[in-house]
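Work out the full structure: start from the sequences and follow the hints.
Residue strings, one per chain:
2 protein chains.
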Amino acid sequence: MNAVQPPLQQSFSVPFTYAVHFTRHLFAPENPLFRDYLGQPSPTGQAKKLLFVIDSGVLAHHPTLPDAIAQYVAGIPSAILAADPILVPGGEAAKNDPALVDRLIDAVDQYGIDRHSYIVAIGGGAVLDLVGYAAAIAHRGVRHIRIPTTVLSQNDSGVGVKNGVNYRGKKNFIGTFAPPAAVINDAHFLTTLDERDWRAGIAEAVKVALIKDLAFFEWIEAHAEALAHRDTEAMTELIYRCARMHMQHISSGDPFELGSARPLDFGHWAAHKLEYLTNFSVRHGEAVAIGIALDTVYSQLAGRILAHDADRVLHVFQQLGFDLFHPALAENESENLRRGLTEFQEHLGGQLTITLLDALGQGIEVHDMDFGLIQQAVGRLSSVYSVPFSVG
Amino acid sequence: MNAVQPPLQQSFSVPFTYAVHFTRHLFAPENPLFRDYLGQPSPTGQAKKLLFVIDSGVLAHHPTLPDAIAQYVAGIPSAILAADPILVPGGEAAKNDPALVDRLIDAVDQYGIDRHSYIVAIGGGAVLDLVGYAAAIAHRGVRHIRIPTTVLSQNDSGVGVKNGVNYRGKKNFIGTFAPPAAVINDAHFLTTLDERDWRAGIAEAVKVALIKDLAFFEWIEAHAEALAHRDTEAMTELIYRCARMHMQHISSGDPFELGSARPLDFGHWAAHKLEYLTNFSVRHGEAVAIGIALDTVYSQLAGRILAHDADRVLHVFQQLGFDLFHPALAENESENLRRGLTEFQEHLGGQLTITLLDALGQGIEVHDMDFGLIQQAVGRLSSVYSVPFSVG
Ligand SMILES: NC(=O)c1ccc[n+]([C@@H]2O[C@H](COP(=O)([O-])OP(=O)(O)OC[C@H]3O[C@@H](n4cnc5c(N)ncnc54)[C@H](O)[C@@H]3O)[C@@H](O)[C@H]2O)c1
Ligand SMILES: NC(=O)c1ccc[n+]([C@@H]2O[C@H](COP(=O)([O-])OP(=O)(O)OC[C@H]3O[C@@H](n4cnc5c(N)ncnc54)[C@H](O)[C@@H]3O)[C@@H](O)[C@H]2O)c1
Ligand SMILES: [Zn+2]
Ligand SMILES: [Zn+2]
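As given, the protein sequences belong to chains A and B, one line each in that order.
If you're matching positions, the first sequence starts at 1 in the UniProt record's numbering and goes up one per residue.
If you're matching positions, the second sequence starts at 1 in the UniProt record's numbering and goes up one per residue.
Be aware that one or more of the hints could be misleading.
A pair counts as met if it fits within one copy or between any two copies, since identical chains are not told apart.
Said to hold, decoys possible - List of simulated lysine-lysine pairs, DSS-like, C-alpha gap at most 25 Å:
no., residue 1, residue 2
1, K162, K212
2, K212, K49
3, K170, K212
4, K212, K48
5, K49, K171
6, K48, K171
7, K49, K170
8, K170, K48
9, K212, K171
If you're looking for bench data, these hints aren't it; they were derived computationally from the structure.
Written out as structure tokens, the structure is:
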């Protein structure tokens, strides 16, 4: 037998950089942003191939988009379209059909998309998650540009590093961590969102404000009416601040979530369960608002924050037009929620880690929750269901 | 319109660490390595779930392995088996069948494997590539331990950061970069390899030696006879040195291959083509030996290295028992090779980048190849096909 061979230690860091750009009318001929991003032709003169994938819900409201893209790209010397844009269904349907992943992989093959080409996705969070996933696994990663078109995707999902699809009904069961090459938020897309999608994404901004930034929470309180009345100025400001905080969180923490803590999941354990129970008829952001309301009341009942502060949170959600209760939460003496907590732990693995509030603007991680208090919190929300709060 | 919102710049590094361990008879009751690796039970007392996946070719030669694993794991207080080991076909078949990926994802679901559980793969490079891929996409990454059982996987593929499966016959078309939690090389497995698999992996060691380390090349020359006669001492030494160089290369360079250069692909452009042309009846390592021979002769014809040095390379391969030519290379006036060069460029994307030799132990990157010289090199290899070289 050989002399013992000592273990070989491997250790390296992989640097990632990308920028999130803000604009309006990205593909208007006079808008230089996308052209500038792609830059000059390479020394070898090879054009960069672009493959666009578009959310059908976006196309329905922006029917001239493919033509605008074709004309715009024709004016970029360093780029060519690999093919006509690929249309995929918008919303959760994009993530439920494995055939769509195959279709995108086939396109990569068919159009000769390589690791120096770009797959550009235009759509809501669901379409971005699908396309980001396909781009991440094809050739072990093709460059990917995200153009998010909803509030939620512009301020949260689209500016981060995760992608994924559902597997046999299990949400995000498959996916990767894969930073985009770039993100471009075009505020014009927001104008065609329906009421619910306009509102839903605001919940993520309330979330980061509550766990990290009291001043931002106060700004949201001050602009709640404007936001509820679809003021685009207020919305673009909200998105910018929320996206920035989200990105800072990623870079200062554990970008690929190798540990167990996920403070940005404040309010999300109940939200995930509620999305399931309602078969996703409740939007992610709508569920998050309810989940935050629940964990805020819980924080109060656990003696962490004042009743007055909890009421401010509920009040701002109501001003924004959110419902703060759903009957599914209370079914079987909240047995649904009990299971939701277990599933949340299983999904993250390791010890249960839940974020609560220690003050407005200050989250805190805890490792267990009292089920009696959860039930009380549910009761409180159900009793005021659809009755406006007033801050006393 | 709002004031212009400046872009938000994101920038972070993700640190990865893992160790490659060397042992024999990993699951013998008295071997502490695996037990020590898993460590003490967590403070919460939760056992770590282990899901084993075994290469059917390994099982055929090591039929008691599942029992040994069951007994061994029963003796680790901090771990439990999630299920009986899953068997998958060995060799390229593992990577050609999408149903196998689904089967592994299903197992993750069915057995409640979370991001703190471990999927442990035991097998050749193909099985490790399959299981590594499934582990990387399930829950966006479940912890993964690799136990490579071939020379190639112990000294090259198994100690790196890549995984992947084939897609409609396209080799490694889908995959990710995902470092393992740990790698354990058990030399006992090597004893049951057939002649071809014993030999094939040695080509990767010749490769790193030629481009990086003259002393290692001379060591291989000195031990070529011993290696050809299945001397395990020599083989474990070769594997250790090759694995170390491979790992150093990864950590000192561009681990996730975000650029175009891949110096470790010396000899691989022709090798990949040859694997295809022969429908993978030529093993990866066998093809790499031929590819290295070709690019070595090319380096000589291009005036980069001496004829004597090129002969040393061909000679050592012949001592090791490698064939240095395959008729598919010369078909249609080497049109196959011309296409191989283009495909290699397309796969990497961007500018063509090929590694040649500037001396034994010193690779150099070039950005074009002279097709006339390639044909001459092919002619040279074909003329000496199966005729032993002597170093004059
Ligand atoms: N990757 C992450 O980190 C992350 C984080 C949070 C949420 N998500 C995912 O995001 C998804 C939800 O995304 P979402 O809230 O953006 O909704 P969505 O993608 O489900 O889209 C909602 C609807 O809006 C339509 N739509 C999109 N843009 C439009 C526009 N400009 N005008 C009119 N209609 C438009 C879509 O076609 C769809 O019908 C979920 O699948 C969730 O899991 C991902
Ligand atoms: N991920 C990477 O970075 C990387 C690098 C190089 C190659 N690869 C891949 O590795 C694969 C080739 O791997 P390989 O050369 O290890 O061969 P292999 O995995 O194809 O296995 C060859 C044969 O040996 C059998 N086998 C495995 N271990 C055995 C043992 N101990 N005793 C007896 N039989 C055994 C297998 O069942 C199979 O039949 C290719 O798919 C190639 O693409 C991956
Ligand atoms: Zn969310
Ligand atoms: Zn190789």
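Hints versus structure:
Taking the shortest Cα distances, K162 and K212 sit within 25 Å of each other inside one copy (21 Å), while across copies they are farther apart (37 Å). When the C-alpha separation of K212 and K49 is checked against a cutoff of 25 Å, the pair qualifies neither within a copy, at 41 Å, nor between copies, at 35 Å. Taking the closest pair of Cα atoms, K170 and K212 never come within 25 Å of each other, the shortest separation being 30 Å inside a single copy and 47 Å across copies. In this homomeric assembly, K212 and K48 never come within 25 Å of each other (Cα to Cα): the closest approach is 40 Å inside a single copy and 33 Å across copies.
Proximity of K49 to K171 under the C-alpha cut-off of 25 Å is restricted to the inter-copy arrangement: shortest distance 22 Å between copies versus 32 Å within a copy. Within a single copy, K48 and K171 get their C-alpha atoms only as close as 34 Å, which misses the 25 Å cut-off; across copies the closest is 24 Å, which meets it. In this homomeric assembly, K49 and K170 come within 25 Å of each other (Cα to Cα) only across copies, at 20 Å, whereas the closest approach inside a single copy is 34 Å. When the C-alpha separation of K170 and K48 is checked against a cutoff of 25 Å, the pair qualifies only between copies, where the shortest distance is 23 Å, while the shortest distance within a copy is 36 Å.
Taking the shortest alpha-carbon separations for K212 and K171, neither the intra-copy value of 27 Å nor the inter-copy value of 47 Å comes in at or below 25 Å.
Of the numbered hints stated above, those contradicted by the structure are hints 2, 3, 4, 9, listed in ascending order.
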